[in-house]
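Colleague: For the sequence shown, the UniProt record's numbering assigns the number 1 to the initial residue and increments by one for each residue that follows.
Hints should not be assumed to be uniformly reliable.
[As the list claims (entries may be wrong)] With a Cα cut of at most 20 Å, we get these calculated SDA-like pairs of lysine to any residue:
#1 LYS6 - ASN64
#2 LYS130 - ASN99
#3 LYS6 - TYR51
#4 LYS6 - GLU62
#5 LYS68 - THR55
#6 LYS6 - ASN22
#7 LYS77 - LEU104
#8 LYS58 - GLU31
#9 LYS113 - ASP125
#10 LYS48 - ALA96
[Said to hold, decoys possible] Listed next, with one range per pair, are the computed distances between beta-carbon atoms:
#11 ILE69 - PRO131: 16 to 24 Å
#12 ILE33 - GLU9: 12 to 20 Å
#13 ASN3 - LEU36: 16 to 24 Å
#14 ALA74 - HIS120: 37 to 45 Å
#15 ASP92 - HIS120: 20 to 28 Å
Source of the hints: derived by calculation from the structure; they are not laboratory data. Even for Gly, the Cβ is constructed at its ideal location relative to N, Cα and C.
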Amino acid sequence: MSNLIKIVEISKRFGDIIALENVSLDIDSGEIIALLGENGSGKTTLAKILYGIYTPDKGYIEINGIRKILTSPAEAKNLGIVMVSQRPQLIDELTALENISIFLNTSVSRIHKNVENLLHEFNIDINVSKPVYT
1 MSNLIKIVEI SKRFGDIIAL ENVSLDIDSG EIIALLGENG SGKTTLAKIL YGIYTPDKGY
61 IEINGIRKIL TSPAEAKNLG IVMVSQRPQL IDELTALENI SIFLNTSVSR IHKNVENLLH
121 EFNIDINVSK PVYT
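Between the sequences and the hints, there should be enough to build the whole structure, so can you do that?
Modeller: Right under this line is the structure:
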(Lines of atoms letter the chains of each structure in order from A; the text may use other names.)
(Lines give C-alpha, C1' and ligand atoms only; values in the text may rest on other atoms or scores of the structure.)
Protein backbone atom coordinates (compact mmCIF):
# COMPACT_ATOMS: atom_id res chain seq x y z
CA MET A 1 0.00 0.00 0.00
CA SER A 2 1.37 3.42 -0.92
CA ASN A 3 1.46 6.37 1.41
CA LEU A 4 -1.30 8.94 1.23
CA ILE A 5 1.18 11.65 2.26
CA LYS A 6 4.94 11.29 2.10
CA ILE A 7 7.19 14.04 3.48
CA VAL A 8 10.75 13.58 2.25
CA GLU A 9 13.80 15.29 3.79
CA ILE A 10 12.04 18.61 4.41
CA SER A 11 14.25 21.44 5.66
CA LYS A 12 13.24 24.99 6.59
CA ARG A 13 15.30 27.91 7.89
CA PHE A 14 14.30 31.32 9.14
CA GLY A 15 17.47 33.38 8.78
CA ASP A 16 20.10 31.67 10.92
CA ILE A 17 17.53 29.51 12.72
CA ILE A 18 17.16 25.93 11.49
CA ALA A 19 13.51 25.09 12.11
CA LEU A 20 13.55 21.71 10.32
CA GLU A 21 16.41 19.63 9.01
CA ASN A 22 15.85 16.60 6.76
CA VAL A 23 12.49 15.60 8.27
CA SER A 24 10.73 12.63 6.68
CA LEU A 25 7.32 11.20 7.53
CA ASP A 26 4.90 8.75 5.90
CA ILE A 27 1.16 8.98 6.53
CA ASP A 28 -1.09 6.17 5.32
CA SER A 29 -4.76 6.45 4.37
CA GLY A 30 -7.01 6.48 7.45
CA GLU A 31 -4.12 7.21 9.77
CA ILE A 32 -4.39 10.04 12.29
CA ILE A 33 -1.14 11.52 13.55
CA ALA A 34 -0.12 13.93 16.27
CA LEU A 35 3.13 15.89 16.31
CA LEU A 36 4.66 15.93 19.78
CA GLY A 37 7.81 17.65 20.95
CA GLU A 38 9.33 20.47 22.93
CA ASN A 39 8.66 24.12 22.15
CA GLY A 40 10.70 25.16 19.15
CA SER A 41 11.22 21.61 17.87
CA GLY A 42 9.59 22.33 14.48
CA LYS A 43 6.10 20.85 14.91
CA THR A 44 4.27 23.98 13.83
CA THR A 45 6.70 24.67 11.01
CA LEU A 46 6.17 21.17 9.60
CA ALA A 47 2.39 21.51 9.93
CA LYS A 48 2.47 24.91 8.20
CA ILE A 49 4.50 23.43 5.33
CA LEU A 50 2.00 20.59 4.97
CA TYR A 51 -0.84 23.14 5.14
CA GLY A 52 0.66 25.39 2.45
CA ILE A 53 1.51 28.36 4.67
CA TYR A 54 5.29 27.90 4.33
CA THR A 55 7.25 26.32 1.50
CA PRO A 56 10.20 24.09 2.35
CA ASP A 57 13.74 25.21 1.53
CA LYS A 58 14.64 21.62 0.70
CA GLY A 59 12.79 18.34 0.27
CA TYR A 60 9.34 17.62 -1.06
CA ILE A 61 5.87 16.33 -0.30
CA GLU A 62 4.02 13.61 -2.21
CA ILE A 63 0.26 13.30 -2.01
CA ASN A 64 -1.11 10.06 -3.46
CA GLY A 65 2.26 9.49 -5.10
CA ILE A 66 2.36 12.89 -6.83
CA ARG A 67 4.89 15.56 -5.84
CA LYS A 68 3.15 18.75 -4.73
CA ILE A 69 4.23 22.22 -3.76
CA LEU A 70 1.41 23.46 -1.56
CA THR A 71 1.10 27.22 -1.84
CA SER A 72 -1.99 27.94 0.26
CA PRO A 73 -4.26 26.48 2.92
CA ALA A 74 -7.07 26.48 0.35
CA GLU A 75 -5.02 24.18 -1.88
CA ALA A 76 -4.24 21.92 1.08
CA LYS A 77 -7.92 21.79 2.05
CA ASN A 78 -8.87 20.85 -1.51
CA LEU A 79 -6.54 17.86 -1.12
CA GLY A 80 -8.19 16.91 2.20
CA ILE A 81 -5.43 18.25 4.45
CA VAL A 82 -6.55 20.18 7.52
CA MET A 83 -4.60 21.53 10.46
CA VAL A 84 -5.99 21.78 13.98
CA SER A 85 -3.98 24.01 16.29
CA GLN A 86 -3.92 23.38 20.02
CA ARG A 87 -4.95 27.02 20.39
CA PRO A 88 -7.26 28.24 17.61
CA GLN A 89 -5.75 31.40 16.24
CA LEU A 90 -5.48 33.47 13.11
CA ILE A 91 -2.78 32.67 10.60
CA ASP A 92 -0.75 35.89 10.45
CA GLU A 93 0.39 35.42 6.86
CA LEU A 94 -3.20 35.17 5.56
CA THR A 95 -5.79 37.89 5.15
CA ALA A 96 -8.77 38.16 7.47
CA LEU A 97 -10.96 36.86 4.64
CA GLU A 98 -8.71 33.84 4.09
CA ASN A 99 -8.74 33.05 7.82
CA ILE A 100 -12.54 33.28 7.90
CA SER A 101 -12.88 31.13 4.77
CA ILE A 102 -10.73 28.40 6.34
CA PHE A 103 -12.83 28.46 9.51
CA LEU A 104 -16.08 28.28 7.49
CA ASN A 105 -14.65 25.75 5.01
CA THR A 106 -15.63 27.86 2.01
CA SER A 107 -13.99 30.10 -0.57
CA VAL A 108 -13.03 33.74 -0.11
CA SER A 109 -15.20 34.70 -3.08
CA ARG A 110 -18.27 33.18 -1.42
CA ILE A 111 -17.93 35.14 1.82
CA HIS A 112 -16.36 38.42 0.68
CA LYS A 113 -19.61 40.37 0.16
CA ASN A 114 -21.18 39.04 3.39
CA VAL A 115 -18.12 39.99 5.43
CA GLU A 116 -18.03 43.47 3.87
CA ASN A 117 -21.76 43.93 4.64
CA LEU A 118 -21.27 42.89 8.29
CA LEU A 119 -18.31 45.23 8.70
CA HIS A 120 -20.37 48.10 7.30
CA GLU A 121 -23.41 47.21 9.45
CA PHE A 122 -21.33 47.23 12.64
CA ASN A 123 -19.23 50.23 11.56
CA ILE A 124 -15.95 48.31 11.64
CA ASP A 125 -13.22 49.83 9.49
CA ILE A 126 -10.64 47.20 8.58
CA ASN A 127 -9.16 46.00 5.31
CA VAL A 128 -10.00 42.30 5.20
CA SER A 129 -7.76 41.82 2.17
CA LYS A 130 -4.52 42.61 4.05
CA PRO A 131 -2.59 39.99 6.02
CA VAL A 132 -3.79 40.00 9.64
CA TYR A 133 -0.30 40.73 11.02
CA THR A 134 -0.43 44.28 9.54
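Colleague: Determine for every hint whether it applies to the structure shown.
Modeller: Verification of the supplied hints:
| no. | hint | in the structure |
| --- | --- | --- |
| 1 | LYS6 - ASN64 | 8 Å, holds |
| 2 | LYS130 - ASN99 | 11 Å, holds |
| 3 | LYS6 - TYR51 | 14 Å, holds |
| 4 | LYS6 - GLU62 | 5 Å, holds |
| 5 | LYS68 - THR55 | 11 Å, holds |
| 6 | LYS6 - ASN22 | 13 Å, holds |
| 7 | LYS77 - LEU104 | 12 Å, holds |
| 8 | LYS58 - GLU31 | 25 Å, violated |
| 9 | LYS113 - ASP125 | 15 Å, holds |
| 10 | LYS48 - ALA96 | 17 Å, holds |
| 11 | ILE69 - PRO131: 16 to 24 Å | 21 Å, holds |
| 12 | ILE33 - GLU9: 12 to 20 Å | 18 Å, holds |
| 13 | ASN3 - LEU36: 16 to 24 Å | 20 Å, holds |
| 14 | ALA74 - HIS120: 37 to 45 Å | 25 Å, violated |
| 15 | ASP92 - HIS120: 20 to 28 Å | 25 Å, holds |
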